[in-house]
Amino acid sequence: MDRRHFLKHLSAAAAGGLCTPSFHRMFAWAQQGQDNPHFFMFVFAQGGWDITQVFESDKEGLQTVDVPTGQRTQFGSNVTDTFWNDPMGRPAVTQFFQNFGDRTAILNGVFVRTLSHDLGRETVMTGSTGMNKADWPTQIAARKASDRLLPNLSLSGPNFPGNLGGVTTSGNTFNRLLFPSGYSPDTEVENRMESYLNEKLNGLLGEAMEMGHEGGRVEELDRGYLRFNEIKEARNTLNLGGGGGFTNQGLSAVGAFQNGISVTATLRAPGGYDTHGDNDAQQGNNFQNTFMGLNQIVTELANRPGTTGTGSLLDQTTVCLMSEFGRTPRLNGGNGKDHWPVTSMMFVGAGINGGKVFGGTDERQNYRNVDYSTGLPDDSSSIELATPNVGAALLTLAGLDANEILPGEPVFSPLLDMGA
Amino acid sequence: MSSRTPQPLGFKRRIHLPIWMAIVACLVFQPVNAEPPLSDTGKYELLPDTQYAVRLAVDLLGAHPTVGDLEAIAGGTLTTDELIERYLDDERFYHRLLWIANDFFLTERTDIPFFQETFDDEMEEELAASVGEEPLRLFQYLVSHDLPMTELATAPYTVADSTLAKFWGIDYPGPEGGSEWMKCHYMDGRPHSGVLSMQSFYFRYDSTAANKQRGRANHITRIFLDDNHFQRNVSLEFRLANNRESDIDNAVRYNPGCLACHASLEGIVGHLQAVQLGPVGESTQEFDDFNVYSHQGIERWQLISERVPSYYGRPSDGKLTTLGKYLANDPRFSYTMAKRMLAAMVQGLVDHRERELIVELDQIFRDSEFRLKDLIRAIVKTDLYRAIGVTEEASEDEARLVQPFRVITPEQMATLGYDLTGQTWGSKARPSLEYDPSYKIPAGGYDGIIIDKRSHAITPMLLLTYQRHAEAIADDVYDFELRGDPPSSEKTVFTLASGKEDPVQYQTLVKTQISQMCKRFYGQMVGPSSVEVGELYDLLLDFKNDDNGSVTRAWRDLLSLMLRDPRIYFY
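First to last, the sequence lines map onto chains P and F.
For the first sequence, the working numbering begins at 2 and goes up steadily by one.
For the second sequence, the working numbering begins at 30 and goes up steadily by one.
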């Protein structure tokens, strides 16, 4: 990139008020169907969920696993594709599977290798611990959509930016920064300021280039200011809404996808899942609230038109439900369940091989190895289902080379329906 | 790698040396910092002196040089070496050290997630600050008292303010309610060993019955030795038959994949058995359970686990003091400190490619008997630190970390804003850009829990955050200095003009004030009749028109503009 390129950007920003051509182009792509992004919404159940409440439906009657009150219901074409639910205690679960079961896949027996909340969150979201790796939403946003205004929205829940922190925006902070309550210059004054500051920026860029710096930091500076100006220009369309809570945040993310602002978002599911006491009541309530919100969010995705001109936004969006680990098979003395290094995950929407349950655990809730061609438990297989394998599948679904990011990790491809 | 001559006594600056002897010594002996490593290499394009002074002030003080110092440097009556010495003795340098230390201790926090029964909700923020800072304050104490940094792991005392002392049970020698951090001791009879015996450290890094202190052991090796077991390249090939505790115990003893980490980790774990697990819960009982040092812990661990404490294969009696001595004498301790300080000062991911430079810095650090000021002094005098470009002499590796500018961190921006205006965004005691993760993180900071590393990326969020910071402190200056009527001694910005005079009638005075602000804000020696000052003066008049003739509001606009200048963010 040469200096003329910078000057072009800067003069466009200065002369055109702040409205640069690329800003309009970005929105035009999204609105006219020339863009075909894949969106990902990550919903994280913080604390470690009890997989017997919904996902692991085959533990009824075992002496080795305490299962809550409920019933087993088939939702896929195979008789083993079932979920567990209590129609009285958590009816939203049944409602969700009735509405979207054919687009939903459950992964059981996912090995997370840790009993620590911090490390569990990190390994589920990044595939490893202590490596300072970016999480799945950040990886996808940085590699596929760094030109978006707010590529990755971290509305709540965990966030591991690794060395790619520049693409992540915290929704609540963003609104507070974009719409300050105190003094802020009025438009006339702000425009004068921007013209002056762009001149100074130009000087800084020019000096850096004279010192032989091209690309790298200099380009980053240019790009940072360009997007900064675009965000301020688009201020009123970027209001993510001040409403808190899971459902409102989910709907904000849906809006950000449709407007072409973001491609990934992370939300925290309602409730605390770390139920060392009174497990069944608390977990049941949390699952009810989570699935109630999820019903609304996925329904909204299904009802909104996609950005491709055909289909719905759900045809372009994958919703991923995760938790840092599972809970022990048996209840403890306080009717709670403690930490367990095996968990379940659920995926809904675009690119997902729906109506299926993959993986599994044994009668003591240990993970079982899986056949990577079918995704089903297979004790003769030597391959387990672990978080990097799920991550590799999601990266593949996003159109990335998973092997480049997770070298040597098998992709759990049965989860994917790439023809969809 | 070049070898270094043993250094004479003079530079170690023992505080008990009479001042006249120190002066003579400095005159007679060549100090260690006269020939810092890799200076005058001819491989780098260097910042001019005044801009170098700005970089030094931002990095060491989180502030800018005074106009007087800049003029003296420009006039040749003050050297940057003299400026460095002054900065290393400045109170603001000691405040900067807290954040430099927190980059790897990661203990600073804004809340106390446990033991709600034991304290009044209203004091949570104050308590969180004290608990979070105990290791950081020891770091600061060692530097300010010219003590070896090895005492981080060996100090036979801790440091506390009255809040921390009351919470953990420490014999604070200061007055009740005292905020000064002072040398003192835990009252439960525990052997002190720097950070290793701090209850606050184990509050931040918790453990459970299942984890058996392994996480804590790893944090100790990560912090002191840069040995993060999680980053070891291991191949795991195992499944637990029943996920019983005995299976895990067997695996960490005999499974080759597990032993890649646990062979060293378990020995460190053995030293921590006098420290309680937890914290858990909210109750006072749980607080009391956690806040106990068990002298029998070591024996209990050996009985239960049938294993003995060790330090990377070397024998140990399992006492924290023994662990501390091992850490302090480990060559990786000083190397890690040299590497971390270099990385902090050059804002780069320092790795094996800088090994030669780190080894030189490590040698200086050890020659000075682990005095941090000597290490930092050596770093900021390197060509690499001062560089803004490279010459053809530089190799690819030598050019790797050279950037055209550094990006100011949120903590630096908070203190710089205060230095330039006397105002802070948020509370004066805990400014938003230093302590509030919701503002720090968008500006590249971290919360130490979920995000544990800085980002120096230039993002729209960073620019937006700093714009709001500029507006907030400009508005505070407007309220305090322009709408109020403080005595001139309390003014920070309007030191020449009042900000209320008519800018046309008092054009010379107003331009002189703007010139002064340019020098302070950007380190640029521009006069009242310069083009730059002229442009800003014209903008002031434009803003006055935009603000319906209000001069003070026009100044507020101009101030917020000047505080948003890229020359403040990028230094």
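If you're looking for bench data, these hints aren't it; they were derived computationally from the structure.
Small disclaimer: the values here were computed from a predicted structure and weren't measured.
Fair warning: there could be bad hints in the mix.
Taking lysine to any residue and the SDA-like style, the derived pairs with C-alpha atoms no more than 20 Å apart in a straight line are [as the list claims (entries may be wrong)]: (1) Lys482(F) x Leu120(P); (2) Lys402(F) x Tyr170(F); (3) Lys195(F) x Tyr322(F); (4) Lys201(P) x Ser559(F); (5) Lys72(F) x Gly213(P); (6) Lys201(P) x Glu561(F); (7) Lys72(F) x Glu389(F); (8) Lys233(P) x Asn192(P); (9) Lys457(F) x Gln536(F); (10) Lys201(P) x Gln553(F); (11) Lys482(F) x Asn164(P); (12) Lys60(P) x Lys233(P); (13) Lys457(F) x Asn336(P); (14) Lys201(P) x Gln325(F); (15) Lys457(F) x Val560(F); (16) Lys348(F) x Gln325(F); (17) Lys482(F) x Thr74(P); (18) Lys201(P) x Met554(F); (19) Lys72(F) x Met210(P); (20) Lys201(P) x Val560(F); (21) Lys402(F) x His174(F); (22) Lys233(P) x Asp594(F); (23) Lys233(P) x Glu215(P); (24) Lys72(F) x Lys233(P); (25) Lys402(F) x Leu67(F); (26) Lys201(P) x Thr79(F); (27) Lys482(F) x Lys60(P).
Hints and how they fare:
1. Lys482(F) x Leu120(P): Holds, at about 16 Å.
2. Lys402(F) x Tyr170(F): holds (12 Å)
3. Lys195(F) x Tyr322(F): holds (17 Å)
4. Lys201(P) x Ser559(F): With Cα atoms ~15 Å apart, Lys201(P) and Ser559(F) stay inside 20 Å; holds.
5. Lys72(F) x Gly213(P): holds (13 Å)
6. Lys201(P) x Glu561(F): Judged against 20 Å, a Cα distance of about 10 Å means the pair holds.
7. Lys72(F) x Glu389(F): Judged against 20 Å, a Cα distance of about 18 Å means the pair holds.
8. Lys233(P) x Asn192(P): holds (11 Å)
9. Lys457(F) x Gln536(F): Violated - the C-alpha atoms of Gln536(F) and Lys457(F) are around 34 Å apart, more than 20 Å.
10. Lys201(P) x Gln553(F): Status holds; Cα separation ~13 Å.
11. Lys482(F) x Asn164(P): Holds, at about 8 Å.
12. Lys60(P) x Lys233(P): Violated, at roughly 54 Å.
13. Lys457(F) x Asn336(P): Between Lys457(F) and Asn336(P) the Cα gap is close to 47 Å, so the pair fails against 20 Å, i.e. violated.
14. Lys201(P) x Gln325(F): violated (65 Å)
15. Lys457(F) x Val560(F): Violated - the C-alpha atoms of Val560(F) and Lys457(F) are around 36 Å apart, more than 20 Å.
16. Lys348(F) x Gln325(F): Status holds; Cα separation ~11 Å.
17. Lys482(F) x Thr74(P): violated (45 Å)
18. Lys201(P) x Met554(F): This hinted pair holds, its Cα atoms lying about 16 Å apart.
19. Lys72(F) x Met210(P): holds (18 Å)
20. Lys201(P) x Val560(F): This hinted pair holds, its Cα atoms lying about 13 Å apart.
21. Lys402(F) x His174(F): This hinted pair holds, its Cα atoms lying about 11 Å apart.
22. Lys233(P) x Asp594(F): Status holds; Cα separation ~17 Å.
23. Lys233(P) x Glu215(P): violated (27 Å)
24. Lys72(F) x Lys233(P): violated (41 Å)
25. Lys402(F) x Leu67(F): holds (18 Å)
26. Lys201(P) x Thr79(F): Holds, at roughly 19 Å.
27. Lys482(F) x Lys60(P): violated (42 Å)
Taken one by one, the earlier hints fail for this structure at numbers 9, 12, 13, 14, 15, 17, 23, 24, 27, listed in ascending order.
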